[in-house]
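First to last, the sequence lines map onto chains A and B. For the first sequence, the numbering used here begins at 1 and goes up steadily by one. For the second sequence, the numbering used here begins at 1001 and goes up steadily by one.
You may find that some hints are simply not true.
Said to hold, decoys possible - So the derived list for chain A, only partly shown, Cβ under 8 Å to chain B, looks like this:
#, residue
1, Gly3
2, Ser7
3, Ala176
4, Ala178
5, Gln179
6, Gly180
FYI, nobody ran anything at the bench for these hints, they're computed from the structure. Every residue gets a Cβ at the ideal spot worked out from N, C-alpha and C, and that includes glycine.
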Amino acid sequence: MKGVLESLVRGLGNGSVYALLALGFVIVYKATRVISFAQPAFMIAGAVAVSHLAGTTGFYLAVPLAALLVAGLALGVERVAIRPMVGRPVFVVAIITLGIDVVVRVVVNGFIGLDVRQVGDPWGLSLVEVGGLAVQQRWIAMLLTTAVLVSLLFAFFRYTRYGLAMRAAAFDQETALAQGVSVGMVFALSWALAGGLAAIAGTFAGTGQGVDQLTWIIALKALPAIIVGGLDSLGGAVIGGLAIGVVESLVQSYQGDLAPWLGQNFAVVTPYAVMLLVLLVRPYGLFGTPEVERV
Amino acid sequence: MLEVRNLEVVYDDVMLVLRGVSLRVPAGSIVALLGANGAGKTTLLRALSGLLDVHDGEITKGSVLLDGEPVHGLRPAQLVRRGVSQVMEGRRIFAELTVEENLKVGAHTAARSSAENLERVYGLFPLLKERRRNVSGYLSGGEQQMLAVGRALMAGPRYLLLDEPSLGLAPSLVRQVRDLVVEINRQGTTVLLVEQNATMALSVADHGYVMETGKIVMDRPAAELLADEDIKEFYLGLGAEGAVKSFREVKHYRRRKRWLS
Ligand SMILES: Nc1ncnc2c1ncn2[C@@H]1O[C@H](COP(=O)(O)OP(=O)(O)OP(=O)(O)O)[C@@H](O)[C@H]1O
Ligand SMILES: [Mg+2]
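Given these sequences and hints, build the entire structure.
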């Protein structure tokens, strides 16, 4: 039992990384109807920015600074590469985001170098005892930070002028325009939010083990998370991300004993297996709207 | 004054829909714009509120003047800031948002006077105040129309463009809409009222325009249009069986809408 709970906490910790990335995907999708494949690049840019800043500013200040920096980067990218594409077929824009991802990652790789870079987090792999369980500090820190961020985000969408404008534009862009909402502003804000969230997710992903040129692959697990949660549901992104993390962790802990015939490292593919299962039952995700098309 | 001069609008670079429309909406007045389906009424409103872009429409000739200043080519947000707000055809409320959230989106450009405008709108529509925490998608058609109008008023417009506010409403609600238009105007907002319900529109308007396939074909004081039997028969489809005919039109219209969407 203790083992299960410890595995669960690890899953929730890793799941927060997926959840933050998935939120970014969903926010951009709702605003622009495009799945932005640039998220992995923003994630890694965030982690690398923290690794460079932490030495001078300290880790805790480096994280918000990096989030702002990457939000700014995303804002610029949206302005230069995405805005001129408004009105083009969605899949064309999606391909452009893929290009952005590659370009940004190549540039960021220059700041990583060939070795692993530490993000300078204070947790490393140290354990802490919570209610008799021995769990890594970083998982607790990640989960708590994510809880705070998600609450802030929901409050933003619920109570602020810009948050409401974004929800309105997501529902009916023309009508939002008619109320004086600037759709350009909505696009920009969605990219900035997604960038900032990805940066924090990247920092989380880099805690304990550091980042190298392949860390971006973690971001791909946010895709199953949004398919599970529903492409257009913020709550779904959070729950999808956490669920993927938990399932992955449990499989990693127990599949070797319970189902050795699945081979080693089956955990690596579980996010995608879960995604396929959900797609069979509910093609629009657990919390998504049925109209959402998927190609 | 909001003025349109010799306006030409083309959709998709090829479809000429407005062919030299001129129209004046003097400050403080109610002006009715009538015409059959497809005449171009909605297109004209889009030109006034900057929404042509969304539909691949373009002004190819003529001008729109607000208090003498050219405003065509401005973005919708800029026009709302200058005091021109539109209530679009078909209500178009944000169905996933609550009533009050809808209204707050309407106040996007007028954040400073938001609280004050909210009081004014709740004063006009006590029912919306009662339902302010409800998800707006569950309101009835009439309530949704009230919400759409209230939302536009949240920007504190000087000019309110209403696109067929009575469409699909029961007669008692149509009367409510009419009273509402009068009240809004009394409170100082100029109204351009697009309607298929000609009798209702002309009964409150100072001036009436009739549009046919992209042209203004009639431009008279509302009372004259209302009094002239021939005009009613030829242009407004309000002959002896007027009621029946317009009802059929409404049904046809709604069916067409569904195909389009
Ligand atoms: N986005 C568009 N692209 C191409 N043509 C359009 C578009 N919108 C409208 N039209 C055409 O322009 C003409 C005028 O349409 P408009 O909607 O302005 O008429 P209307 O007077 O508002 O009609 P209704 O009473 O049905 O609302 C119609 O022939 C219509 O098919
Ligand atoms: Mg119309």
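Going through the hints against the structure:
Against a cut-off of 8 Å between C-beta atoms, the interface hint on glycine 3 of chain A is violated, since the closest Cβ of chain B lies about 42 Å away. Here the hint on serine 7 of chain A is broken, as its CB sits about 37 Å from the closest CB of chain B, past 8 Å. For alanine 176 of chain A, the shortest C-beta to C-beta distance to chain B is roughly 7 Å, which falls under 8 Å, so the interface hint holds. The restraint placing alanine 178 of chain A at the interface with chain B holds, with a minimum CB-CB distance near 5 Å, inside the 8 Å limit.
Annotation: glutamine 179 of chain A was flagged as interfacial toward chain B, and the flag holds, the nearest CB pair being 5 Å apart, inside 8 Å. About 3 Å separates the beta-carbon of glycine 180 of chain A from the nearest beta-carbon of chain B, less than 8 Å, and the hint is met.
Checked against the numbered hints given earlier, this structure breaks hints 1 and 2; the rest are met.
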